[in-house]
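Asks: For the record, the sequence lines run as chains A and B. Note that my numbering has the first sequence beginning at 1, numbered continuously upward. Note that my numbering has the second sequence beginning at 1, numbered continuously upward.
Treat the hints with care, since some could be wrong.
Claimed, not checked - In the BS3-like style, the derived pairs of lysine-lysine whose C-alpha atoms are separated by at most 27 angstroms in a straight line are:
#1 A:Lys490 <-> A:Lys449
#2 A:Lys490 <-> B:Lys258
#3 A:Lys487 <-> A:Lys513
#4 B:Lys213 <-> A:Lys490
#5 B:Lys260 <-> A:Lys455
#6 B:Lys266 <-> A:Lys348
#7 A:Lys183 <-> A:Lys70
#8 B:Lys173 <-> B:Lys58
#9 A:Lys365 <-> A:Lys396
#10 A:Lys455 <-> B:Lys258
#11 B:Lys231 <-> B:Lys90
#12 A:Lys455 <-> B:Lys231
#13 A:Lys318 <-> A:Lys36
#14 A:Lys455 <-> B:Lys266
#15 B:Lys231 <-> A:Lys487
#16 A:Lys490 <-> B:Lys283
#17 A:Lys235 <-> B:Lys58
#18 A:Lys451 <-> A:Lys156
#19 A:Lys348 <-> A:Lys183
#20 A:Lys455 <-> B:Lys90
#21 A:Lys449 <-> A:Lys396
#22 A:Lys70 <-> B:Lys90
#23 A:Lys355 <-> A:Lys365
#24 A:Lys451 <-> B:Lys258
#25 A:Lys289 <-> A:Lys348
To be verified - The following residues of chain B were derived to be distant from chain A, with all beta-carbon distances above 12 angstroms:
#26 Glu61
#27 Gly73
#28 Ala88
#29 Asn104
#30 Val107
#31 Met124
#32 Gln131
#33 Gln140
#34 Phe159
#35 Glu161
#36 Arg176
#37 Ala211
#38 Thr233
#39 His241
#40 Ser281
FYI, nobody ran anything at the bench for these hints, they're computed from the structure. Values in this document were obtained by computation on a predicted structure and should not be read as measured data. C-beta atoms are modelled at their ideal positions from N, C-alpha and C, and glycine is treated no differently.
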Amino acid sequence: MKKSLYAALFLFAVTSLAASTARAQVTPQRLLDSAKEPQNWLMYSGDYSGHRFSALDQINTSNAAAMVPKWAYQTMAGGKFETTPLVVDGILYGTGQDDRAYALDAHTGRPIWQYQRALPADIRPCCGRVNRGLALLGDKVFLGTLDSHVVALDSKTGNVIWDATAFDYRKGYSITLAPLAIKNLVIVGVSGGEYGIRGFIDAYDASTGERKWRFYTVPGPGEPGHETWEGESWKIGGAPAWITGSYDPATNTTFWTTGNPSPSNRGIGRAGDNLYSDSLLALDPDSGKLKWYFQFTRHDEHDWDATQVPVMIDQGDKHLIAQANRNGFFYVIDRSTGKLLLSNPYAKVTWSNSKDAEGRPISLKDASPTSDGNRICPGAAGATNWMSPTYDPQTKLFYVTAREQCDIFSTAPQPYEEGHAYYGSAYFPNDDTEPFWGALRAIDPETGKIKWEWKHPSPTWSGALSTAGGLVFTGDAEGNFIALDAKSGKVLWHFQCGASVYSSPMSFAIDGKQYVAVAAGSTLFTFALP
Amino acid sequence: MRAPKQSNKNDPSLPILRSQLDHHFSLAFFVAIVLCITASSLSAQDKNPFAGDDRVAKLGESQFRANCAFCHGLGARGGGRGPDLTRAQKRHGNGDADLFRTINEGVPGTAMPPNGATQQGVGMTEAEIWQVITYIRSVQVKAPPQPLGDAAHGKTLFFGEAVCYTCHMVEGKGGRLGPDLTTTGSARSTDYLIDSVRNPSRRLAQGLSEAMKEFSQEYETVSVETADGRKFTGVVLNEDHFTLQMLDLREQLHLFEKDKLRSFEKSRQSLMPAYDKNLLSDKDLQDILAFLLSVGAQ
Chain A
1 MKKSLYAALF LFAVTSLAAS TARAQVTPQR LLDSAKEPQN WLMYSGDYSG HRFSALDQIN
61 TSNAAAMVPK WAYQTMAGGK FETTPLVVDG ILYGTGQDDR AYALDAHTGR PIWQYQRALP
121 ADIRPCCGRV NRGLALLGDK VFLGTLDSHV VALDSKTGNV IWDATAFDYR KGYSITLAPL
181 AIKNLVIVGV SGGEYGIRGF IDAYDASTGE RKWRFYTVPG PGEPGHETWE GESWKIGGAP
241 AWITGSYDPA TNTTFWTTGN PSPSNRGIGR AGDNLYSDSL LALDPDSGKL KWYFQFTRHD
301 EHDWDATQVP VMIDQGDKHL IAQANRNGFF YVIDRSTGKL LLSNPYAKVT WSNSKDAEGR
361 PISLKDASPT SDGNRICPGA AGATNWMSPT YDPQTKLFYV TAREQCDIFS TAPQPYEEGH
421 AYYGSAYFPN DDTEPFWGAL RAIDPETGKI KWEWKHPSPT WSGALSTAGG LVFTGDAEGN
481 FIALDAKSGK VLWHFQCGAS VYSSPMSFAI DGKQYVAVAA GSTLFTFALP
Chain B
1 MRAPKQSNKN DPSLPILRSQ LDHHFSLAFF VAIVLCITAS SLSAQDKNPF AGDDRVAKLG
61 ESQFRANCAF CHGLGARGGG RGPDLTRAQK RHGNGDADLF RTINEGVPGT AMPPNGATQQ
121 GVGMTEAEIW QVITYIRSVQ VKAPPQPLGD AAHGKTLFFG EAVCYTCHMV EGKGGRLGPD
181 LTTTGSARST DYLIDSVRNP SRRLAQGLSE AMKEFSQEYE TVSVETADGR KFTGVVLNED
241 HFTLQMLDLR EQLHLFEKDK LRSFEKSRQS LMPAYDKNLL SDKDLQDILA FLLSVGAQ
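Using the sequences provided together with the hints, build the complete structure.
Replies: Written as structure tokens, this is what we have:
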């Protein structure tokens with residue numbers, strides 16, 4: 001009798017264990033069907049479309065003013081805190097500065113496990129020891145590291161399951177983006193546009209860490225596009241891919257964007273368009289083969305990486321990609337063909353005043369950096385940067401953080417040295433009396449026109465989140481986290497985080513309660529209704 | 001923070017050390033060698049190995065532009081945040097070793113970060129720091145500026161007739177509506193100082209800097225009217241979209257929520273009057289500058 005009781009208990013334990021394990025498994029199908037579970041946030045941009053939209057509406061225009069902080073988690077690390085956390089089945093997975101990762105009870109913020117990469121002392125980050133987040137698949141989370149590895153952690157323990165070297169970090173390569181999981185692959189791109197790297201996008205087998213393909217964003221000899229590089233310049237051509245892509249399962253195409261050619265602000269020595277720098281790439285996720293490309297800035301000399309999340313928008317039977325580019329133009333592109341449909345400035349632009357036959361802005365001849373310095377808008381940090389925009393399918397508006405800052409670009413020739421910073425030029429804020437400022441802008445993708453803007457006192461590095469509650473959330477450099485009416489731009493709520501927001505917010509729900517989360521300073525904050 | 005990469009190329013003792021260690025030489029010998037290396041690397045940082053080399057100065061100019069110009073300006077003549085480095089007198093030391101230390105370690109308590117810790121660029125190697133120092137030497141004025149005027153008279157004017165002290169502090173004495181000028185004399189070029197007096201609204205001085213915020217608050221002029229009809233004019237200490245921290249003309253601190261104000265108006269017209277030649281002769285201005293320089297040099 002006793003024995004059979006034990007057996008029954010054991011069986012019960014096993015089945016409940018199996019059930020909970022099954023619950024924690026994030027299958028490729030679940031990622032495809034993420035819209036069916038709006039309580040979870042399964043990937044960097046929320047879903048494959050890059051919308052950064054939450055279908056949750058418990059917090060909405062009528063009650064947002066009542067939001068209160070619920071819990072905070074502190075990494076205790078300095079520098080920019082750029083993560084977008086993921087949430088699945090009550091567990092929150094995030095990253096922090098210096099390649100930290102952690103799993104928290106999403107209800108209370110209490111840690112379940114914490115991981116910190118043992119980074120070498122001589123890593124080469126260009127712009128802070130940052131990490132933007134994880135990918136989830138199966139029973140693992142995936143982290144790209146500053147020493148240019150891709151690491152799979154056990155989502156239950158934080159233990160390392162596999163560790164793959166993408167490239168030798170000493171040559172200037174690093175990984176800062178949140179990986180993207182498609183089918184059984186983990187896709188990443190590298191950072192290092194300030195080090196004369198040769199950029200690439202990699203796919204790893206999620207189970208084993210084996211690299212399945214690599215797409216070099218700078219074509220080698222014999223490959224199409226190679227002719228857009230002068231001499232040997234392709235070898236150090238840059239074009240890193242340091243922001244997470246999107247994915248269209250209907251056509252099995254993954255869209256990735258690339259950064260500046262190297263050296264970033266000096267075109268001498270790399271005559272040509274410098275493909276595929278500053279471009280949108282349509283890749284087959286199974287093979288890594290290029291389907292088409294669109295280059296936003298040809299022969300870039302202003303550090304205008306196109307590394308803004310490519311946002312998939314459908315207008316009737318038109319399937320599009322929208323991007324508010326760092327160069328100041330808002331682009332709409334047919335995502336089946338790569339054909340440009342619209343380009344319109346959404347911030348102050350002085351580098352172009354005409355377009356070519358395809359509608360692409362043409363650079364003025366005298367827009368290049370000079371020895372004495374040439375004032376160009378937008379500045380090197382761009383009209384926007386890596387912070388995520390959001391597309392709200394309800395308002396059909398595209399919201400983007402715009403920066404109104406011009407810079408003086410000057411040449412500073414330097415020899416290339418492997419693994420060493422390689423700018424070729426310098427920039428600094430212009431020295432006139434115009435103050436810099438910023439704004440969250442709501443753009444109608446049908447026309448490219450700005451519907452409303454919310455002004456920031458100074459340029460800002462916060463991304464934006466839209467929700468079915470009719471809200472847009474964003475942050476500012478002064479430390480405010482803000483909820484706006486998505487239709488009008490009217491402010492409904494704000495909270496002072498105590499440090500500039502350098503991240504893109506997200507939303508999730510547990511036990512029927514909606515939360516909004518944002519990273520600022522060294523703290524991950526969550527907010528909800530009281 | 002990243003220290004500059006050690007350049008082993010110039011230090012032949014390093015490989016020797018390694019092979020000797022491999023052969024289990026005595027601890028005493030090991031300690032001796034370590035001491036030697038420490039001593040030699042210290043002395044390596046005392047003196048610029050490239051002093052006077054024009055070709056190196058050119059390389060240094062590129063490094064300077066990439067790493068320093070953001071704050072110190074294109075020609076090292078100072079920007080919004082960074083002092084004019086063409087001045088012969090450097091506030092944190094004039095010697096090669098002083099400059100190296102300032103660049104490599106930063107200046108605690110100021111906006112000058114340690115090498116490689118700006119989050120904007122990446123760290124320079126030891127050799128590159130010396131290149132930058134070579135460049136700075138090539139653009140700095142060859143001799144300390146001649147005394148511009150009568151510092152003692154300048155001090156009398158500053159705290160008297162010219163009424164600078166009503167808004168500016170020097171060594172703890174004076175007002176708070178404008179920037180403290182104790183160190184300004186050592187940080188800014190004469191041209192900059194003259195322009196700031198003759199044409200104060202052309203470029204507003206920078207005030208509070210927050211750790212994670214890219215741009216500092218400026219000394220903007222602000223006028224508000226409260227809900228109960230009180231009016232204040234003064235200077236912005238800090239501001240965000242929703243709040244204002246200001247000092248009124250009587251140096252009273254006010255903390256406002258903007259949506260509770262009846263009116264709120266900001267201006268980039270400085271509160272400081274433009275001191276034209278009728279208000280302040282060239283000679284008196286030179287005397288005041290001489291005073292600021294004498295204070296800053298201390």
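Asks: Now, for every hint given, state plainly whether the structure supports it.
Replies: These are the hints, each one checked on the structure:
1. Distance check on the hinted pair: Lys490 (chain A) and Lys449 (chain A) sit about 19 angstroms apart at the alpha-carbon level, within 27 angstroms; holds.
2. At most 27 angstroms may separate the alpha-carbon atoms for a hinted pair to count; Lys490 (chain A) and Lys258 (chain B) meet this at roughly 15 angstroms.
3. Straight-line distance between C-alpha atoms of Lys487 (chain A) and Lys513 (chain A) comes to about 24 angstroms, which keeps the hinted pair within the 27 angstroms bound.
4. Simply put, Lys213 (chain B) and Lys490 (chain A) have alpha-carbon atoms about 25 angstroms apart, close enough for the 27 angstroms limit, and the pair holds.
5. Of the pairs offered as hints, the one joining Lys260 (chain B) and Lys455 (chain A) holds, with about 19 angstroms between alpha carbons and a cut-off of 27 angstroms not exceeded.
6. Restraint check: the Cα-Cα separation between Lys266 (chain B) and Lys348 (chain A) comes to about 23 angstroms, which is no more than 27 angstroms; the hinted pair holds.
7. As the CA atoms of Lys183 (chain A) and Lys70 (chain A) are separated by approximately 35 angstroms, the hinted pair breaks the 27 angstroms bound.
8. Only pairs whose Cα atoms come within 27 angstroms are accepted, and Lys173 (chain B) paired with Lys58 (chain B) is rejected, the gap being roughly 43 angstroms.
9. At most 27 angstroms may separate the alpha-carbon atoms for a hinted pair to count; Lys365 (chain A) and Lys396 (chain A) exceed this at roughly 37 angstroms.
10. For the hint linking Lys455 (chain A) to Lys258 (chain B), the alpha-carbon distance of about 14 angstroms falls within 27 angstroms, and the restraint holds.
11. About 44 angstroms separates the Cα atoms of Lys231 (chain B) and Lys90 (chain B), which puts this hinted pair outside 27 angstroms; it is violated.
12. For the given pair, Lys455 (chain A) sits about 25 angstroms from Lys231 (chain B) by alpha-carbon distance, which is consistent with the 27 angstroms threshold.
13. A distance of roughly 24 angstroms separates the Cα atoms of Lys318 (chain A) and Lys36 (chain A); the hinted pair therefore holds under the 27 angstroms criterion.
14. For a cut-off of 27 angstroms, the pair hint linking Lys455 (chain A) to Lys266 (chain B) stands: about 15 angstroms separates their Cα positions.
15. A distance of roughly 35 angstroms separates the Cα atoms of Lys231 (chain B) and Lys487 (chain A); the hinted pair therefore is violated under the 27 angstroms criterion.
16. About 55 angstroms separates the Cα atoms of Lys490 (chain A) and Lys283 (chain B), which puts this hinted pair outside 27 angstroms; it is violated.
17. At most 27 angstroms may separate the alpha-carbon atoms for a hinted pair to count; Lys235 (chain A) and Lys58 (chain B) meet this at roughly 26 angstroms.
18. Our distance criterion of 27 angstroms between C-alpha atoms is broken by Lys451 (chain A) and Lys156 (chain A), whose separation comes to about 45 angstroms.
19. The suggested pairing of Lys348 (chain A) with Lys183 (chain A) is violated, with an alpha-carbon distance near 41 angstroms, which exceeds 27 angstroms.
20. Restraint check: the Cα-Cα separation between Lys455 (chain A) and Lys90 (chain B) comes to about 40 angstroms, which exceeds 27 angstroms; the hinted pair is violated.
21. Among the hinted pairs, Lys449 (chain A) with Lys396 (chain A) is consistent with the structure: their alpha-carbon atoms are about 13 angstroms apart, no more than 27 angstroms.
22. At roughly 50 angstroms between alpha-carbon atoms, Lys70 (chain A) and Lys90 (chain B) are farther apart than 27 angstroms, so this suggested pair is violated.
23. Between Lys355 (chain A) and Lys365 (chain A), the direct Cα distance comes to roughly 13 angstroms. Compliance with the 27 angstroms bound is thereby established for this hinted pair.
24. This hinted pair checks out: Lys451 (chain A) and Lys258 (chain B) have alpha carbons roughly 25 angstroms apart, not beyond 27 angstroms.
25. Restraint check for Lys289 (chain A) and Lys348 (chain A): the C-alpha separation of about 36 angstroms exceeds 27 angstroms, so the hint is violated.
26. Distance check on Glu61 (chain B): its Cβ comes as close as 7 angstroms (rounded) to a Cβ of chain A, failing to clear the 12 angstroms threshold; non-interface status is violated.
27. Distance check on Gly73 (chain B): its Cβ comes as close as 8 angstroms (rounded) to a Cβ of chain A, failing to clear the 12 angstroms threshold; non-interface status is violated.
28. In this structure Ala88 (chain B) is separated from chain A by more than 12 angstroms, as the shortest Cβ-Cβ distance comes to about 24 angstroms.
29. At the 12 angstroms boundary, the C-beta of Asn104 (chain B) stays outside the reach of chain A, the nearest C-beta of that chain being 16 angstroms off.
30. At roughly 18 angstroms, the least C-beta separation between Val107 (chain B) and chain A is larger than 12 angstroms, which holds for a residue marked as non-interface.
31. Residue-level check failed: Met124 (chain B) sits 8 angstroms from the nearest beta carbon of chain A, not beyond 12 angstroms.
32. In this structure Gln131 (chain B) is not separated from chain A by more than 12 angstroms, as the shortest Cβ-Cβ distance comes to only about 10 angstroms.
33. For Gln140 (chain B), the shortest C-beta to C-beta distance to chain A comes to about 19 angstroms, beyond the 12 angstroms cut-off, and the non-interface label holds.
34. Separation of Phe159 (chain B) from chain A is adequate, the least Cβ-Cβ distance of about 30 angstroms exceeding the 12 angstroms criterion.
35. The beta carbon of Glu161 (chain B) sits about 30 angstroms from the closest Cβ of chain A, which is more than 12 angstroms, so the claim that it is off the interface holds.
36. Consistency note on Arg176 (chain B): stated as away from chain A, and its beta-carbon is indeed over 12 angstroms from all of that chain's, at 22 angstroms minimum.
37. Not every C-beta of chain A lies more than 12 angstroms from that of Ala211 (chain B), the closest at about 7 angstroms, which undercuts listing it as non-interface.
38. With 12 angstroms as the threshold on Cβ separation, the claim that Thr233 (chain B) sits away from chain A holds: the shortest Cβ distance comes to roughly 19 angstroms.
39. With 12 angstroms as the threshold on Cβ separation, the claim that His241 (chain B) sits away from chain A is violated: the shortest Cβ distance comes to roughly 6 angstroms.
40. Chain A leaves Ser281 (chain B) outside its interface by the beta-carbon criterion, the shortest separation being 27 angstroms against a cut-off of 12 angstroms.
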